[in-house]
Structure formats: structure tokens, C-alpha cells
Amino acid sequence: MSEPLIYELSSPGRAGVKPPHLDVPESALPANLLREDLPLPEVSEVDVVRHYLRLSQLNYAIDKGMYPLGSCTMKFNPKVNEVAARLAGFTGVHPLQDEESVQGALYVMYSVQEYLKEIGGFAAMSLQPAAGAHGELTGVLIMRKYHLDHGDTDRDTILVPDSAHGTNPASTSMSGLRVVEIPSDARGNIDLDALRAQVCARVVGLMFTNPNTLGLFEEHTEEVINIVHGCGGLVYGDGANMNALTGIMRPGDAGIDVMHFNLHKTFSTPHGGGGPGSGPVGVAAHLADYLPGPIVALDPESTADEDPYFTFFDPPKSIGRVKAFWGQFGVIVRAYTYIRMLGSEGVRKAAEHAVLNANYLLSRIKGAYPLPYDRICKHEFVVEGHLKDAPDVHALDIAKRLIDYGVHPPTNYFPLIVPEALMIEPTETESKQSLDNYADILLTIAAEARETPELLHAAPHNAPVRRLDEVRAARNPVLRYAH
Amino acid sequence: MVYIPHTDVERREMLAAIGVNRLEDLFQDIPEKFRYPHLDLPEPLSEMEILQELQFLATLNLNANTTSTFLGAGAYRHWTPSVVDYVISRGEFYTAYTPYQAEVSQGTLQAIFEYESMICDLTGMEVANASHYDGATAAAEAVIQAYNVFRKKRAKIVIAPTVHPHYRQVIHTYTQGMELDIVGGDDPTTPLDQLVEMVDEQTACLIVQTPDFLGRLVNLEGVADQVHARGKGTLLAVVVNPISLGLLKPPGAYGADIALGEGQPLGLGLNFGGPYLGFYATQMQYARQMAGRLVGKTVDSAGQDGYVMTLTTREQHIRRDKATSNICSNEGLMALAATVYMAALGKHGLRQIAELNYHKAHYAASVIDELDGFTVIKNRPFFNEFVVRCPAPVGEINAFLRNDIEELEIIGGYDLALDYPRLENHMLVAVTEMNSRHEIDLFAEALGAFPVENGRSHR
Chain A
292 MSEPLIYELS SPGRAGVKPP HLDVPESALP ANLLREDLPL PEVSEVDVVR
342 HYLRLSQLNY AIDKGMYPLG SCTMKFNPKV NEVAARLAGF TGVHPLQDEE
392 SVQGALYVMY SVQEYLKEIG GFAAMSLQPA AGAHGELTGV LIMRKYHLDH
442 GDTDRDTILV PDSAHGTNPA STSMSGLRVV EIPSDARGNI DLDALRAQVC
492 ARVVGLMFTN PNTLGLFEEH TEEVINIVHG CGGLVYGDGA NMNALTGIMR
542 PGDAGIDVMH FNLHKTFSTP HGGGGPGSGP VGVAAHLADY LPGPIVALDP
592 ESTADEDPYF TFFDPPKSIG RVKAFWGQFG VIVRAYTYIR MLGSEGVRKA
642 AEHAVLNANY LLSRIKGAYP LPYDRICKHE FVVEGHLKDA PDVHALDIAK
692 RLIDYGVHPP TNYFPLIVPE ALMIEPTETE SKQSLDNYAD ILLTIAAEAR
742 ETPELLHAAP HNAPVRRLDE VRAARNPVLR YAH
Chain B
134 MVYIPHTDVE RREMLAAIGV NRLEDLFQDI PEKFRYPHLD LPEPLSEMEI
184 LQELQFLATL NLNANTTSTF LGAGAYRHWT PSVVDYVISR GEFYTAYTPY
234 QAEVSQGTLQ AIFEYESMIC DLTGMEVANA SHYDGATAAA EAVIQAYNVF
284 RKKRAKIVIA PTVHPHYRQV IHTYTQGMEL DIVGGDDPTT PLDQLVEMVD
334 EQTACLIVQT PDFLGRLVNL EGVADQVHAR GKGTLLAVVV NPISLGLLKP
384 PGAYGADIAL GEGQPLGLGL NFGGPYLGFY ATQMQYARQM AGRLVGKTVD
434 SAGQDGYVMT LTTREQHIRR DKATSNICSN EGLMALAATV YMAALGKHGL
484 RQIAELNYHK AHYAASVIDE LDGFTVIKNR PFFNEFVVRC PAPVGEINAF
534 LRNDIEELEI IGGYDLALDY PRLENHMLVA VTEMNSRHEI DLFAEALGAF
584 PVENGRSHR
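Residue numbers (our numbering), protein chains in the order written: chain A, 292 to 774; chain B, 134 to 592.
This is chain A alone, in the form it adopts within the complex (with noise of 0.2 Å):
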């Protein structure tokens, strides 16, 4: 590859665009606070469109090919999202005018907290978390404060299943709560005999990911429930697997307390190499009060079906606001589109499809694979990459080979509780043949290791750059270009 930095494509004085003509008085600038130089590099648009489209052609994107990343939903999203969102009547509303101006997107939010409500069997809705992670600090937080106002000021521990995203831990440390990790048992759920042994007074509640990151649905989920329930626990659900469940299961109607939504991945936003997301957090009746505000809710004058008018609240007993302004509100536009678009019947079929590819490309690949967990599987699935006939091939090998074959490794490494961890979501919108060309891949390379094992070794091959040196990154940190 090599394409140089935008930096070392600058020559002084060349300029991209041309900003508009000064059509005032100069003004005295402010002598002693001004800067001296400002060293942003000095190219033309040309050079700018070239350079960062041959970037772009580095990228493996989901529009390419099957993305296959567990617990991260790569699904493909329709193009008619990005046009929704891009409409002017969106891009330009300045999130301080006049309620009475912004009437259409207060629709769109009113509408999303409503459908996020009724897919998820909640009664209340937040959209302001800005992300999956954002929406678990919420949670938390919302969980916390409910025991603090209910004079119950000794809970200080959230327990936390072996298998959970590192976002649970981390969130609930942020919250000034500890972690007390709750251990899987041998069918992957849940070891009922530990959680019955931790919880007491101090507990905060559980979080709990349903289906868990095995992609396997935990099979004692309303015992989960009541025994946290019993210590007077509150259950967080982390509603990043929340694909698996749309129009299948309400986690509200199963006793969730808390939960939050993933929009970037269950409900259809492109995840931007990285962002942004969207983190709406549903709740159960006696925590609505607590939710982040503000809130759109229907003015109490009209109603929802004729000539209704939206005004925003905060909840009484509120967190407290958790983003400037009211929420990732593009992506919201997104969500919207996507479940006008699906409707009831369509949220339940994305989701049994997402479930009939998993358990498609699993029953393809099982025999290839050692599987930790054999069972149905929900979203997604586990396998070890680690074969016992090729003990030097490792996840990463694998990984690395399935490159060079035109594809997207899985998720390697998490969850932690297997070793050598490929964590494989093909989502519903890979078709039979994406799935058989990716499952014939798999068992190309799993023979691959038995008889060529050096090949996966110096895998990719086929790549824009051959492996790279993690280490070094690490031990002397280039974090920036040098001038």
C-alpha cells in the first residue's frame, strides 16, 4: 500500500477550497491572543478526494463483503437510511430553536422511544445516550440512584457474568460501584449456585446479556431474574444482542429493569469505522423518573394521531443529563426509517433470520471447529480456533488467513471465557450463498492448518500490509506525525 500521509502530500500555499469573501469592516484583532503558526498541512480538493479515496480502498466494509464480527451486528444497512438522514429539513435544525420549529424531528424521537418501548417491553425511554456503552453507564447509574432515593445506601456491588462485554465492568467502576463476576456454568449459562452464593444486601443489580456472548440464550433466564429480584437487586439487560430477540422475546415483559439499545447495530446504522452509535436506554415503570432528560413527550393538549404537538421533560428524579443536547439525533433518523420500513412482522422475521444464518453457518462448520457449547445458538456462535491436529494454529492465524480470502475475520479473543475465541454473527442479511462461501472457506483453512500450517502463520498474504507489529506501536508510541 503506502500512501503517504495528507501531511507529506502539502506544498506551501496551495489551498483546497476557498472560504466566502469578507463582505464587513475588519474588526482589530485581539494582538496578544493571537497564534503564531498553524501547521494543518496545504493541499488542493483534488489531492484531498484522491488521497482519502485511495484510503478508503484499504478498508474492508461491510459493502464489500459478510462482516461477520460477533456481537457487533454488521448487518447491512439500506441506502435509503443515509438519504433520511441527510434530508435538509434534518441536517440543518439547530437543537436550540424554538420547540415550536422543530416539530418534525420531535416526531421522529416521540415515534423511536415509542417503538423502542413497545419492541423491548418498556415503559419509559431515553434517547440521549450516545452509544452502547454510554447507554450501560446510564443504566447503572439510573440503578444506583434508585436504591440511593429508596434509603437503601449499603448496595454497592453490580455483578457481572464471566461472558460479558469489557463495557460492563468498565461501566459499573465508572459508577463507583465494584464488580463482583459471576461465573458460566457447563451449558453456558449462568451458574445458578454462584449467583444464589453472591447476592445480598450490597448488590445493585446484574447485568445481564441475553442472549449471552456464546450467542446462546440463557436457559434458566427468569430464575436470572427472581434471584437477583429476591436480594432486592435490579437486572440491567446489555441490549447489544438485542438482534437475536426483536419481535421474539420483550425483555421488559421477562422482569429487565434497565436496558439499553444498540441503534448501530440492531437497528441499522453503518457504523462509521468506529461511530457514531446510539444507546437509548429503556426502563420498567419505577425507574422512568430516573431516566436522562430531557424527553419528548406528547403535550397534553393533543394527540398523537391528529395534529399532535411535542414538547421535552425531565424526568423528576433524573441521573442528570448524560450528553450536551438531546441525543445522537441522525441516528435516531436512521432507527426510524428502518422500523417504519419493517414493521412488526419485519423486526421478528430480521431477527429469526440473523438466528436460521447462525445456526446455518454453525452446523457447516461444526465438525471443522471444536464447539465449547453445542447447542442451538441464537445470533451468533462460538467456536475454538485452536485444532487439536494443529496445536501451533492459533484464533489469530485463522484470522488472519480468512484475509486472504476476501472476507472478515470473526471476533478473536472475547469472549474470554473460551480459549482461542472466534466469535462468528453473520446477521440476517447474508443470503445462503454469502454464508456456504464463507463456511467453505473456514473448512479450507482448517485443513489448511493441518497441512500448511506456516501459511496461516505469515497470514495476510493477500492484504494491504502483512501483519503488524502490535508490540512495537505499544513500546514506543508514534501517536502522531512529526513536523
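Since the hints were made in silico from the structure, they are not lab data.
There could be a bad hint or two in this list.
To be verified - Cut-off 30 Å, straight-line C-alpha distance, at most; resulting in silico cross-link-like pairs (DSS-like, lysine-lysine):
1) Lys455/B with Lys289/B
2) Lys289/B with Lys436/A
3) Lys657/A with Lys355/A
4) Lys640/A with Lys723/A
5) Lys355/A with Lys370/A
6) Lys285/B with Lys455/B
7) Lys608/A with Lys355/A
8) Lys286/B with Lys436/A
9) Lys365/B with Lys289/B
10) Lys408/A with Lys608/A
11) Lys355/A with Lys408/A
12) Lys286/B with Lys455/B
13) Lys640/A with Lys657/A
14) Lys285/B with Lys365/B
15) Lys640/A with Lys166/B
16) Lys285/B with Lys608/A
17) Lys480/B with Lys309/A
18) Lys679/A with Lys657/A
19) Lys723/A with Lys657/A
20) Lys455/B with Lys436/A
21) Lys166/B with Lys408/A
22) Lys370/A with Lys608/A
23) Lys408/A with Lys640/A
24) Lys166/B with Lys286/B
25) Lys480/B with Lys436/A
26) Lys289/B with Lys608/A
Given chain A, put chain B in place with the hints provided.
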């Protein structure tokens, strides 16, 4: 689109390969009483129908881009070069995930490296991360970084009352479980000296904003030294407007330890408040305490340059409850937009944009100041935003600007009484390169037409 690609035949083949008969068989582990709930969602729409509906909904909003707008207060109407949306519309960028597999993510990784470099250049700092959700959450992460730098032993945080009110609120929300002592009050007239005097050896950081929420430029020369000395190492964090840095001294030049802010002015739309971009930079000695993703340069096994996410032992997916933050998804695509914006304008273009903002705002202030009943508060230099004392509540004046002028609709400034009760009748007016002289003159004329007598509204 037709969302599910499966044909009936394929579905049957797949179910057979799994060894089940029906899709429902895949969900037998879900308790029956919860399985297949009735969902009351609206009937599905085709692509044509949803776009027609959305186009209608979009018309219910007043579009600030095509209306005379003088509203800022943390989000600004700026001109975005066409090349920005071109680049972020490339499917290879916007449909990629976080670059976990570096070998097939070099485009994203190098772009982030360039973004981090440009944020360092802009702020004069040594290291920048790959982004936060917005300026407010970046401010909260600055507090947490400072708290961690002192190993959670210093609990006092001083926040200037003129830091954006939403940012101050988010800091309180984020830190409610940390038992911090947050001081600084909410009187916007509090002098900087008084805030610096609040710093002691128990103080982890002082956060100030320039231009502050009232638009005023704060001269921070020498303040870092005072803060470091008084607090024996207390950190100075500065919230900045990135466009202003085209013209003004960056935080690194006056010794700040953390520089952060809202990146929305760097080519992002208003988008009703999001997605925006929290930019964040610090000094190298604090790199391992900062939150967020970092991209670094390295080499591949053939010795060729390449980029990877690095210093990941700070992050949640490695360190779990010991991580510096829980952040995972960030604002990657928005950071790319800002990168392209800064590249397209370049070192001179950004300065020109900053000067346009400065001159136009000062022109607007001069014409408004001449109006009867309106006074511009001019006790400090300002950048592109300033405060006007008005003869009536700002809400009334804004309603007049919106509704009562023939063939003209104007979005007025921000009502400061919403955040500072003592600033009743005070409007925060923002002027950018997007406001033509004609627009500014009409705004002043409209303000002048507001019916007042003896300083009292007649409405």
C-alpha cells in the same frame, strides 16, 4: 430494500441442514409465555412511502441553514465544503467497523492518525485520541483523567461557571458515584483569579472555557503555571472552540494539560444536536491515563509502515473494571469529516474562516449596539459570539423575530436566563461566516423594530 434475501427453497435447505423443521424451532429455549409477543408497530412502508413521509416531517422543521440564524451556544451553523460529505459517503469508510483487524482497516486507521495529528496541531498538544461522543462527555472524561492522574486521591474539581452548562451537567452526572467535591459555582461574573484561588493541593483539575459560554475570550497566559504551583501539579483543562483556534493561541501554547471541545464546527451539520464530535488532547506524560482509542504508527512483518490501535491496555475490552473509561464506540465518521474539513481548508483557510467569524461578529455587535434599548456587553474581547442586553425577555424577542416580520423569519440568539437567572433579558448572539452583511443588517433592523417603550415590552 427487500430486507431478507432468503428464498423459500433456501430457507428449507438451511433448516434441514440445522436439523429443525421450522424457524420457530430455533427459539424453543425462550420461555413460551414470552415467545412471539404481539408488537404494536405501524404497518410497514415501502422505500418510496417512507421517504415521502420523512420529507414531509423534515418540512415541519425550520432549517437553520436556509434561515437567518444567530443561534449558537455550543452548536454552530458553518459552511461545509462539498468534499467532506463526498469522503464520508464512501461505503468503504462508513460501513466499516472499529478497526480491530488492522490489516484490512488501514484506511480508517491512517485517517484517524491524521485526525489525531491535526487535533494536536490545532490545540498545540502532544497527543489526541480518536474522539469522544461530544464536547460535554469529553469534558467529563477530562475530570476522570485528572482524578486518575492523582490516583483518585484528589477529590476537588474546580469548574468555571462559564463552561457550557450542558458540559457542567454532564460532568456532575458522570461523576455522581465518585464522591468528588465540584466547586466553582454558577455566577458567570466570577473572575478567573477567584477560580484559580480555589485551586489547592487537593484539587485534581481546573476546567475553564475560552471563548467561554458567553463568547468572551479568556486570557490564560500564565494561568497554567499558577494552577500547577498552587495545586502542586493540578491539571488545567481548557474547553475550546476549534474554529477559534484558526486564529487564537492554542491551549498547548499557554501550558494547558488537557484541551478538549466540541468538533461540530469542523464541517459537521447541526443535525439537531448529534452526531457531533468530542475532540480531546493532552500531553504525552498523561497518554496512559487518557480515555478512548489511540492509533499509532508501526511496521508490518515486511518492514512496511502501517497503523494500529495502540496503548489498548487502557481500554475496557482489555482491562475491564480497571479501564480508564468504558468508551467503546466513538464518533469515528465524524472525526473523518473533521479531518477532511481541516485538510480541505488547510492552514490558511481555517485562519480565514476564523477571521470571517471574528469580523462579522464584531460588525454585528457594532450595529446592534447602536439600537435603542439594546446594549452589547463589551467588557472583554470576543470571538464569534457576544451578549446583548435586551429591553424584554429573550423569548419574546425571538418569537417576534420568528413570526412578526413580514416575509422574513429569523432565528434569534440564545436566552441566557435559561441557565443564569441573573442574566434575564440577555441574548447570546452567534455570528459565523454564513451570516452575510445583509442578513446581519436585517437582523439589527428587526431587533430595532421590536416594540418597546421605557424598556418594557408591549407584547
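Structure-based check of each hint:
The hinted pair formed by Lys455/B and Lys289/B meets the criterion: a straight-line CA distance of about 22 Å does not exceed 30 Å. For the hint linking Lys289/B to Lys436/A, the alpha-carbon distance of about 22 Å falls within 30 Å, and the restraint holds. For the hint linking Lys657/A to Lys355/A, the alpha-carbon distance of about 26 Å falls within 30 Å, and the restraint holds. Taking the CA atoms of Lys640/A and Lys723/A, the gap is near 16 Å; set against the 30 Å cutoff, the hint holds.
Of the pairs offered as hints, the one joining Lys355/A and Lys370/A holds, with about 14 Å between alpha carbons and a cut-off of 30 Å not exceeded. Of the supplied pair hints, the one linking Lys285/B and Lys455/B holds, its CA atoms being roughly 13 Å apart against a limit of 30 Å. Under the criterion of a C-alpha separation no larger than 30 Å, the hint pairing Lys608/A with Lys355/A is inconsistent with the structure, at around 47 Å. A threshold of 30 Å between alpha carbons decides the hint, and for Lys286/B with Lys436/A the separation of about 24 Å falls inside it, so the pair holds.
Under the criterion of a C-alpha separation no larger than 30 Å, the hint pairing Lys365/B with Lys289/B is consistent with the structure, at around 13 Å. With a CA separation close to 20 Å, the supplied pair Lys408/A and Lys608/A stays within the 30 Å bound. Between the alpha carbons of Lys355/A and Lys408/A the distance comes to roughly 34 Å, so the proposed pair goes past 30 Å and is violated. As the CA atoms of Lys286/B and Lys455/B are separated by approximately 16 Å, the hinted pair is consistent with the 30 Å bound.
At roughly 25 Å between alpha-carbon atoms, Lys640/A and Lys657/A fall within 30 Å of each other, so this suggested pair holds. Between Lys285/B and Lys365/B the alpha-carbon distance is near 15 Å, which keeps this suggested pair within the 30 Å criterion. For the given pair, Lys640/A sits about 19 Å from Lys166/B by alpha-carbon distance, which is consistent with the 30 Å threshold. Under the criterion of a C-alpha separation no larger than 30 Å, the hint pairing Lys285/B with Lys608/A is consistent with the structure, at around 28 Å.
Under the criterion of a C-alpha separation no larger than 30 Å, the hint pairing Lys480/B with Lys309/A is consistent with the structure, at around 12 Å. For the hint pairing Lys679/A with Lys657/A, the CA-to-CA distance comes to about 14 Å; that is within 30 Å, so the pair holds. The straight-line distance between the Cα atoms of Lys723/A and Lys657/A is roughly 17 Å, inside the 30 Å bound, and the hint therefore holds. Pair hint Lys455/B plus Lys436/A holds up; C-alpha atoms about 22 Å apart against a cutoff of 30 Å.
Distance hint between Lys166/B and Lys408/A is fulfilled; the C-alpha atoms sit about 19 Å from each other, no more than 30 Å. For a cut-off of 30 Å, the pair hint linking Lys370/A to Lys608/A is broken: about 40 Å separates their Cα positions. Of the supplied pair hints, the one linking Lys408/A and Lys640/A holds, its CA atoms being roughly 19 Å apart against a limit of 30 Å. Between Lys166/B and Lys286/B the alpha-carbon distance is near 51 Å, which puts this suggested pair outside the 30 Å criterion.
Of the pairs offered as hints, the one joining Lys480/B and Lys436/A is violated, with about 48 Å between alpha carbons and a cut-off of 30 Å exceeded. A threshold of 30 Å between alpha carbons decides the hint, and for Lys289/B with Lys608/A the separation of about 25 Å falls inside it, so the pair holds.
Comparing the model with each earlier hint shows violations of hints 7, 11, 22, 24, 25; every other hint is respected.
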